[in-house]
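Residue numbers (our numbering), protein chains in the order written: chain A, 1 to 195; chain B, 196 to 395.
Don't read these hints as lab results, they were simulated from the structure.
Certain hints may be false.
Claimed, not checked - Which stretches of chain B does chain A cover? Using the computed rule of at least three CB atoms under 8 Å from a CB of chain A, they are:
| no. | region |
| --- | --- |
| 1 | 207-221 |
| 2 | 231-237 |
| 3 | 316-327 |
| 4 | 359-366 |
Stated by the list, open to error - With the Cβ distance kept under 7 Å, some of the chain A side facing chain B (calculated, not the full set):
| no. | residue |
| --- | --- |
| 5 | Pro102 |
| 6 | Phe171 |
| 7 | Met185 |
Remember, it's a predicted structure, so these values are computed and weren't measured experimentally.
Ideal placement from N, C-alpha and C gives every residue a C-beta, glycine not left out.
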Amino acid sequence: MRPRDNFLKGIWSENPILALALGLCPTLAVTTSLKNAVGMGLAATFVLVFSNLLISLFRKFIPSKIRIPSYIVIIATFVTLVDLLMSAYLPALHKQLGIFVPLIVVNCIIMGRAEAFASKHGPVASIIDGFGMGIGFTLVLSVIGAVREILGAGKLWGLAVSTSFTPVLVFALPPGALLVVGLFMALKQSLGGKK
Amino acid sequence: MTEKIFALFVLNVFTANFILFRFLGMCPFIGVSKERKSAFWMSMAVIFVMVISSVITWVLYNYVLVPMGLNYMRTVTFILVIATAVQMIDMIMLKTLPALHKTLGIYLPLITTNCAVLGVAVLNIDMFAGKTTAFNGFIFSVFQGLFAGLGFMLAIMLMSGIRERLDLTDIPNAMKGIPIAFLIAALMSMAFMGFNGLGI
Numbered sequence: 001m002r003p004r005d006n007f008l009k010g011i012w013s014e015n016p017i018l019a020l021a022l023g024l025c026p027t028l029a030v031t032t033s034l035k036n037a038v039g040m041g042l043a044a045t046f047v048l049v050f051s052n053l054l055i056s057l058f059r060k061f062i063p064s065k066i067r068i069p070s071y072i073v074i075i076a077t078f079v080t081l082v083d084l085l086m087s088a089y090l091p092a093l094h095k096q097l098g099i100f101v102p103l104i105v106v107n108c109i110i111m112g113r114a115e116a117f118a119s120k121h122g123p124v125a126s127i128i129d130g131f132g133m134g135i136g137f138t139l140v141l142s143v144i145g146a147v148r149e150i151l152g153a154g155k156l157w158g159l160a161v162s163t164s165f166t167p168v169l170v171f172a173l174p175p176g177a178l179l180v181v182g183l184f185m186a187l188k189q190s191l192g193g194k195k
Numbered sequence: 196m197t198e199k200i201f202a203l204f205v206l207n208v209f210t211a212n213f214i215l216f217r218f219l220g221m222c223p224f225i226g227v228s229k230e231r232k233s234a235f236w237m238s239m240a241v242i243f244v245m246v247i248s249s250v251i252t253w254v255l256y257n258y259v260l261v262p263m264g265l266n267y268m269r270t271v272t273f274i275l276v277i278a279t280a281v282q283m284i285d286m287i288m289l290k291t292l293p294a295l296h297k298t299l300g301i302y303l304p305l306i307t308t309n310c311a312v313l314g315v316a317v318l319n320i321d322m323f324a325g326k327t328t329a330f331n332g333f334i335f336s337v338f339q340g341l342f343a344g345l346g347f348m349l350a351i352m353l354m355s356g357i358r359e360r361l362d363l364t365d366i367p368n369a370m371k372g373i374p375i376a377f378l379i380a381a382l383m384s385m386a387f388m389g390f391n392g393l394g395i
């Protein structure tokens with residue numbers, strides 16, 4: 001596969017959220033605002049790129065029977081790094097994302113890419129794959145976050161969008177998340193043809 | 196004590212349902228809710244893992260990690276404990292219920308990456324550590340694990356009941372499969388918000 005296609009597949013044809021339906025928990029929980037969505041997306045991208053790299057480097061040494069626990073330890077190490085860095089430099093965002101920062105470790109996307117891609121490909125291809133998937137994840141999170149923030153709070157990146165508009169509170173609440181994500185998936189399904 | 200436990204029950208099963216309110220455990224919720232039988236066994240496995248991991252993680256955190264000043268190792272330790280517990284259940288199920296083991300397929304090893312299980316362990320620490328005695332915290336953690344599992348079961352059983360009927364209905368192509376499941380979950384979540392008035 002060419003590097004360009006390898007990168008682009010994560011953004012559209014194999015988009016982790018819309019096409020593979022992985023990593024749904026953070027998608028639904030942290031997209032109440034654009035800022036949170038971008039923060040979560042970038043944190044997950046960081047973990048994805050580095051865990052893919054490390055797993056790909058070690059793929060010949062990890063016995064297949066204990067590969068899952070090994071991947072988890074590698075992923076958890078990077079998640080702990082992100083957790084500590086974020087609480088030191090971005091305490092407000094860290095507080096907003098709350099429990100979902102340590103929970104990046106169980107984000108199915110990261111585990112899924114480790115198992116499906118990094119364990120079978122070289123380090124460079126794995127970095128590109130991780131980066132593409134991470135950016136695809138971040139983009140979808142941002143779009144959903146922006147839609148929910150505009151509709152639910154009448155704001156974008158914390159700034160008021162319009163004064164003549166009454167926010168629809170339900171979009172900021174859990175049902176709104178499910179509604180928006182469901183509609184985006186339907187859109188992807190009708191545009192992208194049958195899976 | 197009893198009141199607190201009852202409050203935890205209402206919180207975890209209804210007002211802050213793990214799936215519909217906290218959005219923990221969405222992957223199995225969408226993936227294994229196509230038929231009631233597998234949904235039931237999946238949630239039984241989740242309840243079992245949640246209680247066991249709540250017990251182990253609470254004890255480990257309070258009696259090993261905190262005294263040694265290793266709080267920051269929380270994520271790594273917890274996920275390893277959970278992975279081990281899941282592996283054990285996987286092996287037991289393979290021997291005793293091979294047909295079911297086949298149905299659950301990829302999702303059984305993935306209980307490990309079920310955020311609900313790690314979620315309840317982290318939540319126990321956030322909610323109880325340092326705020327009550329270690330013993331009370333232990334009791335609350337065990338019950339929270341149980342109730343979170345029951346909340347998961349309630350949501351996934353309701354969902355699988357609806358989705359079994361959905362097979363017989365005519366829905367637009369774009370909505371088939373996962374999108375319609377999300378819209379149903381949105382309606383269920385709205386219905387569950389009604390429990391907020393309980394105010395316990």
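Worksheet item: Looking at the structure, which of the earlier hints fail to hold?
Response: 2, 4 and 6
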